[in-house]
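Student: Sequence:
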Amino acid sequence: MEKLRLLLGDQLNSNHSWFHKTDNEVTYCLFEMRQETDYTKHHIQKVVGFFAAMRNFAKELKSNNHKVIYYQLNDKKNTQSLVVNLANIIDEYNIEKFEYLAPDEFRLDKQLTQFTTDLNIKFEQFSSEHFYTEKEELATFFKGKKQFLMENFYRNMRKKHQILMVDSQPEGGKWNYDASNRKKWKGDALIPPEISFDNDVSEIVSELKEANIETIGNINPKYFEYPISRNQSLEQLEYFCEHLLVHFGDYQDAMHTDKIYLFHSRISFAMNTKMLSPKEIINKVLETYREKTDEIDISQVEGFIRQILGWREYMRGMYWMLMPDYKKENFLENKNKLPNFFWTGNTKMNCLKNAINNSLDNGYAHHIQRLMVTGNFALLTQINPDEIDAWYLGIYVDAIEWVQLPNTRGMSQFADGGKIATKPYVSSGSYISKMSNYCDSCSYKKTKKFGDDACPFNTLYWNFLDEKQEKLSSNFRMKMMYSLLNKMSSEERTKIKEKANHIIENIDGY
1 MEKLRLLLGD QLNSNHSWFH KTDNEVTYCL FEMRQETDYT KHHIQKVVGF FAAMRNFAKE
61 LKSNNHKVIY YQLNDKKNTQ SLVVNLANII DEYNIEKFEY LAPDEFRLDK QLTQFTTDLN
121 IKFEQFSSEH FYTEKEELAT FFKGKKQFLM ENFYRNMRKK HQILMVDSQP EGGKWNYDAS
181 NRKKWKGDAL IPPEISFDND VSEIVSELKE ANIETIGNIN PKYFEYPISR NQSLEQLEYF
241 CEHLLVHFGD YQDAMHTDKI YLFHSRISFA MNTKMLSPKE IINKVLETYR EKTDEIDISQ
301 VEGFIRQILG WREYMRGMYW MLMPDYKKEN FLENKNKLPN FFWTGNTKMN CLKNAINNSL
361 DNGYAHHIQR LMVTGNFALL TQINPDEIDA WYLGIYVDAI EWVQLPNTRG MSQFADGGKI
421 ATKPYVSSGS YISKMSNYCD SCSYKKTKKF GDDACPFNTL YWNFLDEKQE KLSSNFRMKM
481 MYSLLNKMSS EERTKIKEKA NHIIENIDGY
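Numbering (our numbering), first residue to last: 1 to 510.
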């Protein structure tokens, strides 16, 4: 029986059971398509990274004697539509059965469900064999619960998979070392030079130009730094464990003008394309920790594992539990437009300038830059969450909707009213100063609320609390801040509102 097996661009798992043996009756297909490049405006490094990784994966399959049909972007047979390409191949090769791995995006899952419903041949869906959890597992775990606390899920995952556990108790005596993961980097811990692969992707960049694909951001086509193969991904993981894990937890929330990556692993692209699995990453981290217990504290390791075993699996489960309505959530009724400087980096606010330019130059920002700089500012200026979603989905190399959407609309923008985050993640300039050196060389003064040189975050923060008081004052985690707000004189609150409104109305002048 002639079988056609589809592989999507984020399903590059060479350890999948599909590939354990060759079968002359099985043909694999992968497509570079405008359907995927054009549904939002992506960073050029994101498009290039996916295409380069897909091409390497196809070569690997062929070298292992698997039959492969691969359509590059400008291939004459490429209709730029997933379902039309599939239908044409099924017809041309007399395919008798179609098989595919479960997509992680709702959009693609819906498209393939409709496609298979209309098929007149056999079809079957298989697991991607990547995640710790099944798609519906989180919904089952939280069934009947009013709150969906990640910490409860994370502890259950630790117990279930016996990760950092001693019998039924957490190793080290604590479930969570988050309080130890908030140090400001002041140059006291040496950061080794980051690993770089310097991949030449000039051919793909030229093909994108030939096809007039609209992208954002910058690229050096001779020196593409992200891993684009299984071997490079393993090198990236090895480098992190050997050189960066020792201080990861300490400085995972830190930001600095001179250091883009600090002690972060930069393996999210490799993991989200499935070139690496979360299990092998966690196993490697634990193996390194066991070998170097005299050097590496448990707080470094737990902080990293929490992001993958806890947060990543939780986000995927929440996405599938809440979609498709989740994409329309706007609890705070925010309607403003995204500032132009989110696309250019041209702003006098040093924190935003650094975070946005890093994003444009590298397709990268770590979680605190995303949450407490760009996300914080967007929420304080009450930007429409649709615009924030589109920006985050497009600008980051690792952004796929299943992980981007709940992080952005839920954690960052509180548009879901608290399904994911227990409070809005907003702050004045003081938090940014606490975790970075951004304020040291900024045009604005972090301690000032008023005046031309006052930090915009300060009045925006209090104005946000004032504007959203009806929706947020009953939140138990906001009570202290509302107590402080309500003690302010009406004159000061009016002054704050006037200043904040001026910022919002003239946002691209800041």
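Everything labelled a hint here was simulated from the structure, so no lab data went into it.
Take the hints with a grain of salt, since some may be wrong.
Estimated spans, in silico, between C-beta atoms of each pair [unchecked claim]:
#1 Asp361 / Tyr93: 30 to 36 angstroms
#2 Gln125 / Lys479: 46 to 52 angstroms
#3 Glu207 / Lys160: 14 to 20 angstroms
#4 Trp343 / Gly187: 53 to 59 angstroms
#5 Glu136 / Met480: 34 to 40 angstroms
#6 His502 / Asp294: 54 to 60 angstroms
#7 Lys328 / Gln125: 25 to 31 angstroms
#8 Asn340 / Asp453: 19 to 25 angstroms
#9 Glu136 / Ser63: 33 to 39 angstroms
#10 Thr257 / Glu92: 20 to 26 angstroms
#11 Asp188 / Lys77: 33 to 39 angstroms
#12 Asp386 / Ala189: 51 to 57 angstroms
Straight-line C-alpha distance at most 27 angstroms; calculated DSS-like pairs for lysine-lysine [claimed, not checked]:
#13 Lys145 / Lys419
#14 Lys337 / Lys41
#15 Lys41 / Lys97
#16 Lys160 / Lys419
#17 Lys259 / Lys59
#18 Lys259 / Lys353
#19 Lys471 / Lys445
#20 Lys445 / Lys353
#21 Lys337 / Lys145
#22 Lys499 / Lys353
#23 Lys97 / Lys76
Positions of the beta carbon are idealized from the N, C-alpha and C atoms, including for glycine.
Student: None of the hints should be skipped; say for each whether it holds.
Tutor: For each hint, the structure was consulted:
1. Hint check: aspartate 361 to tyrosine 93, Cβ distance near 43 angstroms, so the stated range 30 to 36 angstroms is violated.
2. Glutamine 125 and lysine 479 have their C-beta atoms about 47 angstroms apart, which keeps the hinted 46 to 52 angstroms range intact.
3. For the pair glutamate 207 and lysine 160, the beta carbons lie near 45 angstroms from each other, so the given range of 14 to 20 angstroms is not met.
4. For the pair tryptophan 343 and glycine 187, the supplied restraint of 53 to 59 angstroms is violated, since their beta-carbon distance comes to about 32 angstroms.
5. Checked against the hint of 34 to 40 angstroms, the C-beta distance between glutamate 136 and methionine 480 comes to roughly 38 angstroms, which is consistent with it.
6. At roughly 56 angstroms, the beta-carbon separation of histidine 502 and aspartate 294 lies within the given 54 to 60 angstroms, and the hint holds.
7. For the hinted restraint 25 to 31 angstroms between lysine 328 and glutamine 125, the CB-CB distance of approximately 27 angstroms keeps it satisfied.
8. In this structure, asparagine 340 and aspartate 453 meet the distance hint of 19 to 25 angstroms, their C-beta atoms being roughly 22 angstroms apart.
9. The beta-carbon spacing between glutamate 136 and serine 63, approximately 36 angstroms, falls within the hinted interval of 33 to 39 angstroms.
10. About 55 angstroms separates the C-beta atoms of threonine 257 and glutamate 92, a value inconsistent with the hinted range of 20 to 26 angstroms.
11. Aspartate 188 and lysine 77 have their C-beta atoms about 57 angstroms apart, which leaves the hinted 33 to 39 angstroms range violated.
12. In this structure the hint that aspartate 386 and alanine 189 lie 51 to 57 angstroms apart at CB is violated, the actual value being about 40 angstroms.
13. Between the alpha carbons of lysine 145 and lysine 419 the distance comes to roughly 11 angstroms, so the proposed pair stays at or under 27 angstroms and holds.
14. Of the supplied pair hints, the one linking lysine 337 and lysine 41 holds, its CA atoms being roughly 17 angstroms apart against a limit of 27 angstroms.
15. With a CA separation close to 35 angstroms, the supplied pair lysine 41 and lysine 97 exceeds the 27 angstroms bound.
16. A hinted pair counts as satisfied when its Cα atoms are at most 27 angstroms apart, and lysine 160 with lysine 419 qualifies at roughly 24 angstroms.
17. Taken as a hint, the lysine 259 and lysine 59 pair is broken in the structure, with Cα atoms around 35 angstroms apart against an allowance of 27 angstroms.
18. A C-alpha spacing of about 14 angstroms is found between lysine 259 and lysine 353, which places the hinted pair at or below 27 angstroms, so the restraint holds.
19. Of the supplied pair hints, the one linking lysine 471 and lysine 445 is violated, its CA atoms being roughly 30 angstroms apart against a limit of 27 angstroms.
20. Of the pairs offered as hints, the one joining lysine 445 and lysine 353 holds, with about 15 angstroms between alpha carbons and a cut-off of 27 angstroms not exceeded.
21. Among the hinted pairs, lysine 337 with lysine 145 is inconsistent with the structure: their alpha-carbon atoms are about 35 angstroms apart, more than 27 angstroms.
22. Straight-line distance between C-alpha atoms of lysine 499 and lysine 353 comes to about 21 angstroms, which keeps the hinted pair within the 27 angstroms bound.
23. At most 27 angstroms may separate the alpha-carbon atoms for a hinted pair to count; lysine 97 and lysine 76 meet this at roughly 25 angstroms.
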